[in-house]
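Undergrad: Given the coordinates of chain X, work out where chain G should sit on it, guided by the hints.
For the protein sequence lines, the chains are X and G, in the order given.
In terms of this note's numbering, the first sequence is residues -18 to 77.
In terms of this note's numbering, the second sequence is residues 34 to 180.
Worth flagging that the hints you see were computed from the coordinates, not collected in a lab.
Here the structure is a predicted model, which is why all the values come from computation and not from measurement.
All residues carry an ideal CB built from backbone N, CA and C; glycine is no exception.
Please note that a few of the clues may not be correct.
Cβ-to-Cβ under 7 Å is the rule here; a few derived chain G residues that face chain X [claimed, not checked]:
| # | residue |
| --- | --- |
| 1 | GLN61 |
| 2 | LEU103 |
| 3 | HIS119 |
| 4 | ALA121 |
| 5 | SER124 |
| 6 | TYR130 |
| 7 | ILE132 |
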Amino acid sequence: MSEIAENVARHEPKHSLQLTIVNNGISKQIEIDREATVKALLDRAIALFGNIPQPHTQSLWTEKGVELTNENETLKAAHVKDGDTLLLRPGAVKGG
Amino acid sequence: MRYKVPAALLAETFDLFRQCGGGRRECQVIWTSTWAEPLTISRVVHPRHRAHGGGFELDDDWINDFWLELARTGQGIRVQVHTHPHEAFHSSIDDEYPILHSVGFLSLVIPDFARGPVGFECAYLAEIGPDGRWLEVTPDSRLQVFE
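Chain X with its partners taken away, still in its complex shape:
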């Protein structure tokens, strides 16, 4: 690789994100392209934890309590950053 190519590679932004997903007290790591959609990450998170028979009840939330509601948005557009922790949790908890 030429010196110019090496410099370009060194400064090129990373395309994948290393994320931590938290569910019921357990943390797991996921590596995913930043251009992937929120839905793709949600599907992978649900598959990673498994044992969730009603996946439609789950959504991803930031540590600050913001739900990633637009499933068609890319992670980049949703401002998800490398090293972030996201919570896999139900959208609402009720009883009656």
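TA: Then chain G, alone, in the frame of chain X:
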């Protein structure tokens, strides 16, 4: 699988229901245990929630903080417990909006706003089956109270 429930935590659960609900409102608590010893319930958590005579809803921000706290402390949710005004059963709202959607998760309903004797008399216990549906199970088959 049978969880061991300390009698003191069961008594604490009823105390919380009676104090918070005051015999007029539903209330919920969550039983957790450590991932190192998952079958022994070690904590009763009283969530921040809104409630009325026929239902309750947990605060969103509280759920987020609780999710992070569980990860920090190495604990997991095992059983949700809530009261009903009269008869104990699992309503359609109880079915649809539990705090955890995983196979084997338990939901215990205590009748009469927990004003009766501490224990599982007339209580209703439901468990999530492999197909995601709730099934009634007997409290004794899943919960063992010990002193």
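Undergrad: Work down the list of hints and note, for each, if the structure agrees.
TA: So, going through the hints one by one against the coordinates:
no.: 1; hint: GLN61; result: 6 Å, holds
no.: 2; hint: LEU103; result: 4 Å, holds
no.: 3; hint: HIS119; result: 13 Å, violated
no.: 4; hint: ALA121; result: 12 Å, violated
no.: 5; hint: SER124; result: 5 Å, holds
no.: 6; hint: TYR130; result: 4 Å, holds
no.: 7; hint: ILE132; result: 5 Å, holds
In terms of the numbered hints stated before, the structure departs from hints 3 and 4, listed from lowest to highest.
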